[in-house]
Amino acid sequence: MSLHNNPSEANAFTRRQFLTTGLTLASASVAVPMFLQRSAFGLPMAAPGMSSIPGVNEDRILVVCQLSGGNDGLNTVIPFRDDNYYRVRPGIGLRGEDQLLELSKVGAKGSEGVALHRGLAGIKNLYDEGMCAVVQGVGYPNPNRSHFKSMDIWQTADMSGTGDGWLGRYVDAECCGYGKGESGQPDGSQTIYPPIAIGRTAPLALEGRSVKPVAFETPDLFRWMGADVHDSLVEPYQRIAEQGVTEGTDPESNAAFLMRTTLDAQVSSDQIRKAVEQRPLVNYPGSALGRQLQMVGSMIRAGLKTRVYYVTHGGFDTHSGQGGAFGRHAQLLGQFADAMNAFYRDLKAQENDGRVLSMCFSEFGRRVSQNASGGTDHGTAAPMFLLGPMVNAGVVGNHPSLTNLDNGDLKFGIDFRSVYADVLERWLGTKDSSQILEGRFRATRVVKA
Amino acid sequence: MVVSTAGEQGHTARTGPTDARADEAPTHLKPIPPRRFGYEQARHLLLRAGFGGTPTQIQTLAGWGPEKAVDYLIEYDAVPVEAPGADEFDKGIMRPPTRAEQEAYRAAQRARDENALAQFRLRRQQSQRQDRQQMGELQRWWLARMIETPRPLQEKLTLFWHGHFATSYRTIENSYHMYLQNQLYRAHAAGNFGDLLFQVIRDPAMLKYLDNDESSARQPNENLARELMELFSLGEGAYSERDIKEGARALTGYTFEDDAFVFNEANHDRGAKRILGASGSLDGDGFCRAILAQRACPEFIASKLYRFFARHVPTNPRDQDRTTKAIVKQLAGTMIKARYELRPVLRQLFLSEHFYHPTVVGEKIKSPTELVVGAVRSMNTPVRDLAILNDALNLMGQNLFYPPSVKGWDGGRSWVNTSTMFVRQNILAFLLTGKKPVGYDALADENTYDPTPLLAELEKGDPGASSDPAKAVDYLLRLTLGSAPEHARQTLTTFVNEHGGVRPPVLTGALLLVTAMPEYQLC
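Heads up: the sequence lines are chains A and B, in that order. Residue numbering for the first sequence follows our numbering, starting at 1 and increasing by one per position. Residue numbering for the second sequence follows our numbering, starting at 450 and increasing by one per position.
Derived from the structure by calculation, the hints contain no laboratory data. Warning: the hint list may mix true and false statements.
[As the list claims (entries may be wrong)] Just a few of them, taken from the derived set where beta-carbon distance is under 7 Å, the chain A residues facing chain B:
no., residue
1, Y86
2, V214
3, F222
4, L233
5, Y237
6, R279
7, A372
[Stated by the list, open to error] In silico lysine-lysine, PhoX-like type, Cα no more than 25 Å apart, as pairs:
no., chain 1, residue 1, chain 2, residue 2
8, B, K909, B, K657
9, B, K920, B, K909
10, A, K149, A, K411
11, B, K540, B, K657
12, A, K448, A, K431
13, A, K305, A, K431
14, B, K517, B, K774
15, B, K517, A, K149
16, B, K885, A, K274
17, A, K149, B, K657
18, B, K778, B, K856
19, B, K856, A, K149
Quantities reported herein were computed from a predicted structural model and do not represent experimental measurements. Beta carbons: idealized from backbone N, C-alpha and C, even for Gly.
Isolated chain A, as found in the complex (with noise of 0.2 Å):
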């Protein structure tokens, strides 16, 4: 239940520290056969001879970033070949060279006569730099076309769109064994990193059942809040909060787990907080996804084990005036792609590129035909993008047809749950995803092995 950093790193000895050091020796005296856990869920264990990037760190991080109003994947990944394509976009279809950014090709990928939108710039330049995987009319059967109840099925992995989030569900897997009967809670015998999801409430997707996810839009949302009603009231808070677990208190009881998480809350949220002060060694765009993902890089760099992060940029659901190579969809674009290279530019000075894998979705794409208004209505298929040097660059699955359509939607080739597969297995070490996923699916393979 911590965040807190390898104290082994803490070249001063201050009583901060000596809490942390103090914190995970307590945490730790609860001997658990671990392996036996994470073997019977086929999840690896953090062992050394795993590495399987020499020189990287093996704490391998995964950042999901969500394009929340389903954004138009027609107009992201451009077919501008197809005649089609200008047939059912006569106001809002780009063309040429200046609003067209060609996707080359890119070691064995063809590029598939498809192109970026001008406003991709920043992603263009991680694609031809070999970080980007563009992955081709992403969907799922019988597509759902409410934002909420098709966000759902891509964050539960749920064809229902009920039950626990398909990361929350991973992490719990690793920490407490997802799918015995009666849900694992966590005893206070490990030390657990929950998923970090920068806004005002973590996303379905990271909600597990034993391990819940910690939310904040900014660090100062992380701490106690009286400490602002009166000064006073400060040092004896401290006393409260890192009192740890008190003498006489037996130390498997609530009381004890309580005191446990508070001093944990403390010490995290100093240390989350000390990390997004830092200066960033890159300038990030002012954006509000340039700000999410600036605080992401900055916890990265200041060593938070945090496996999982969830950043958001909404405003995708683009009905009428959307625009073509300028306006309002151009602009949802240029800030998304600006953001992530600013991030991998931050990664790449901190060395921890090699570390980091985002991944980019929608909920759903939009209709083929624009609308009236010069906007599109809801649709189905559409692209996602894999970005770090650890994917297979270029770009994968065929665009879907323009002409063989499903009542005036794309047809989608490659299912989501694929892509989730390939991020279990072949980035988060998990030997085999379909206890997760409650289902089986080939991994699409975009991450290199």
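Following the hints, complete the assembly by docking chain B onto the known chain A.
Coordinates of chain B only, in the frame set by chain A:
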């Protein structure tokens, strides 16, 4: 009754959980002797059978003794309360399209009239938006009701049933149906479990949530049949896969139109069935009767009630300790004798010596709802802003009407992590001081909170004590934590002394510190 300031009554008996475990709770349900029912016991009863009480309320119940206090809480029908009206909420927002509208829609589809279709979609989205707004109103309405009700046990049980027969608005997308279900649980809160079960398989929200509205004789859907046994009545392993299949057939045709249950005979499977030992052309009621005839049913319900009101024990008998098994067995026996009436069961539990044992008292982690409602009810803080309180419930993992799955909320330690711990502390800071959590407008709520009335009872019993920092701190700790641990007493007495003694802002500061203590999360 004279209120002692320190060390005199029951709380000295709390020598810490280690000792308490060595000396386990009694395995019987003999009533607590009236002489051992004092302030601590009355406080515990109010916290568990309700949402906590003010010192005056605690004192009153302590004065009444266990019998009268428990009866007052359980026989809540005698307490007048404003009944919510049928028109409390708008039932028309999500009404299904009329026949004419359906035809117009189909015509637009045939004609591929994109504009008309877009209009239909837009109207539907508008209704959905309006309904989500009403859902927010319903959440705040229930929260206010829990805070204000003179029948705390009725609302507490409504919350219990909401977690037991869990149904989420995320799937239902009809706030009026969620309201109807909430009213159903309220009406049967401490009534008869059998009656409630018969009603639950007729509840529109439940029928929709577990897909029974799409179940037919030709294609029975097993979802409701399975959960009806696994989660609602018998527990895992007390039935066979065949019982599920046959049970699903029994439930075919149980659906709803608009806001009411409808038995669709054409979709019902009238054939012979065999479920849990009962046979015949069973329908949903026959299925429920077969369930209620199982010994596993009263035991499962008794253990769920015990888990909710007493100790967070596993519901599966295989995982229960000896004491729990013995207690559950006795509660189940009472339930059988009472033909599933719940009041005798609750009465037996709340009156028992077992219920007031140190392994039970102060050992439960407050649910987010218990935390927020309990703070207002016991410290008498202003309510300030129901929307902010409701947001906090969500952030703490208990978004009312949106349980995470049909299993409801796990409760216990799963409520607490580093993130929810701050939300828990900060929402208390908001209630006590009006300082809004970051993210809301920066203006603090202007209502000032005066905690000094909390000391009125102390002053009555011991004139002058309420201006003595040590005595005042001790008294507040016993109200908020149930005991006055040494480290807390020291920190707070020093704080009060250093800032000019017992006066309103200093007391509020002291309460801010108390509510930030890990122990405050327990009840």
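Hints versus structure:
1. Y86: Violated, about 18 Å.
2. V214: holds (4 Å)
3. F222: holds (6 Å)
4. L233: Holds - the Cβ of L233 of chain A comes within 7 Å of chain B, reaching about 6 Å at its closest.
5. Y237: holds (6 Å)
6. R279: violated (22 Å)
7. A372: holds (6 Å)
8. B:K909 <-> B:K657: Answer violated: K909 of chain B to K657 of chain B is near 56 Å, above 25 Å.
9. B:K920 <-> B:K909: The hint holds at about 13 Å.
10. A:K149 <-> A:K411: holds (19 Å)
11. B:K540 <-> B:K657: holds (17 Å)
12. A:K448 <-> A:K431: Cα-Cα ~15 Å, so holds.
13. A:K305 <-> A:K431: holds (21 Å)
14. B:K517 <-> B:K774: Violated, at about 28 Å.
15. B:K517 <-> A:K149: Judged against 25 Å, a Cα distance of about 50 Å means the pair is violated.
16. B:K885 <-> A:K274: Judged against 25 Å, a Cα distance of about 23 Å means the pair holds.
17. A:K149 <-> B:K657: holds (15 Å)
18. B:K778 <-> B:K856: holds (23 Å)
19. B:K856 <-> A:K149: holds (20 Å)
Hint check: violations occur at hints 1, 6, 8, 14, 15; the rest are consistent with the structure.
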